[in-house]
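> Each chain is listed here by its residues.
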Amino acid sequence: MASLNVATGRIDRLLAIPKQARQARLPWIPIIIMGILLICAGFAPLLAPHDPIGINMLDAKLAPGENLVYPLGTDILGRDMLSRLIYGAQTAVFISLVALGTGAFVGTTLGLIAGIKDGWVDIFISRAADAALGFPTILVAMIVVTILGAGIENIILAVALTVWARFARMIRGEVLSIRELDFVTAARIAGVSTPMILLRHIFPNTINTLMVVTSLSVGQVILLEASLSFLGLGLSPGHPAWGIMVSEGRSGILDVWWLALLPGLAITAVVLAFNFFGDWMRDILDPKMRRA
Amino acid sequence: MHRFIIVRLSQAIITLLVLSVAVFLSVHLTGDPAAFLLGPDGGQTEYEQLKKNLGLDKPLPVQYAVFLGSAVQGDFGKSHTMGRSARDLLVERIPATLELAGVAFVLTIIFGVPLGILSAVKRNSIYDQVGKFFAVAGIAAPSFWIAIMLILLFGGILGWLPTHGRGGIEHYILPAFVLSWASMAGVMRLTRSSMLEVLDSEYVKFARIKGLSEKMVIYKHALKNAVIPVLTFSGLTLAGLLNGSVVVEVVFAWPGIGRLMLQGISQRDFPVVQATVLAAGFFYICTTLLVDILYAYVNPRIRYE
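Note that the protein sequences, when read in sequence, are chains A and B.
What the first sequence shows, in our numbering, is residues 1 to 292, in sequence order.
What the second sequence shows, in our numbering, is residues 1 to 305, in sequence order.
There may be inaccurate statements among the hints.
[Stated by the list, open to error] Here are the in silico distance ranges between beta carbons for each label pair:
#1 Lys117/A x Val66/B: 36 to 44 Å
#2 Arg25/A x Met216/B: 33 to 41 Å
#3 Met1/B x Asp182/A: 55 to 63 Å
Calculated directly from the structure, the hints in this document are not laboratory data.
Even glycine gets a Cβ: it sits at the ideal position worked out from N, Cα and C.
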């Protein structure tokens, strides 16, 4: 009976989230910004009024509001800024989603293994995570790009290499405390295999932590991707990515200031939104992390 | 204590070795250096000869040992594109990066700590709100964009400050500010939360009950304990600044290691990349090592088991 109570405690905890969430004030502004970002990313071809890479020298260097056909103006090659920003959202969401997904998957898997296995497996994974966390992300990304060359898949790899360790460390810590609970012991006595215990009994209890770490990482991942694109280490020039757009607007900053201003504003707004949302999630789901 | 230093030191050496392997392999995984140096017109005999001269006919572990041996002496070979040894280029650029990181570090401390204290002491006041906004913006806005916007404002529209290159004091203002903003935000937030915690503790309450003035309570009693975590964080900040300068150096055309590294990568100039990446990694690892040892010295509760 006791073990049953502990087991249902898990469900109570999951059900308790919406209750707490209802009590807390929802961060509406971040949610709206995130919503706009996701809609832009998902429906870019439908929403963009023009071709984001279509060059039209006749309409080059229009300031925002100067010509209502191009509400946010055009760049030095006459490409529509609004369309490029919308497609840039797609690029940012795609890269961060894949990179963060890869990092979270690898990190969580390694964290689960390190938490349940003692001995050299744990030591090896923990030390590798320490090393990855202890290294500046830009430097890691630069080494990756030097070895493999620039390109979208290498940017994703570079970002994933820098985020997996946070997941591994947090999940390992969670597993270490969960595996001592009664329901795990009960499952073990019932003859459930270790992989099954990890997957069915321990992993569901780490989902809160996983969600908090993920939402706190999105902003940093978007920033890192933008920085790498800005440095020319990612997508090829001309591609609609916010970091590249800022870099393209840099040379003519005094003349065509909106080229660098607008994508930078987009990055800042999105990162702010995710950071605030991540803080809110952490307060709701994991109050003990609040001080960290 | 000795045990801690030995464990931590061996960790640092292992990290450096792993980095050196990655850097060494970076040349071998991206193609044949001999073919790259020879160009498309080279014949087979010349190719074999060059391979022998470069030591590329030996097995990989031997090549790595040779590489490591010369790397320890700072010898990375000649830059393919700049016609000089990578070591000379590196030595020439190191002071610029160290200076910029140093100035940014000083800015981080002299603004971050007092503003954090102000935010904590006058909690929820207008200072706190402005400070919070400044910190949140510093963490969310990409540094390359802030740099360009400041160039537009102070260099272009107002014309008050130079926007690129190294020179007099005025050349340091913009790059150092951009470089330090994010770390300043971190120091501010940490000082604020640490100060709030200390102000809530029993001994501070007791100091108040004793009838000490608020000034005495804050500066004489609370501050000393509140800055301990800030000191540790500052050390790590310095390490981060040394390497965070890649973006800032590129935007402000600052002649430092970061810019040299990016030049090397974009031109596939391997000796330069190897020299700069190893130098940056070395600085980073040494700084974090020093901070950890100092911290363990100051706070004996932190030890590796």
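> It remains to establish, for every hint, whether it holds in the given structure.
The hints, checked one at a time:
no. : hint                           : verdict
1   : Lys117/A x Val66/B: 36 to 44 Å : holds (38 Å)
2   : Arg25/A x Met216/B: 33 to 41 Å : holds (39 Å)
3   : Met1/B x Asp182/A: 55 to 63 Å  : violated (40 Å)
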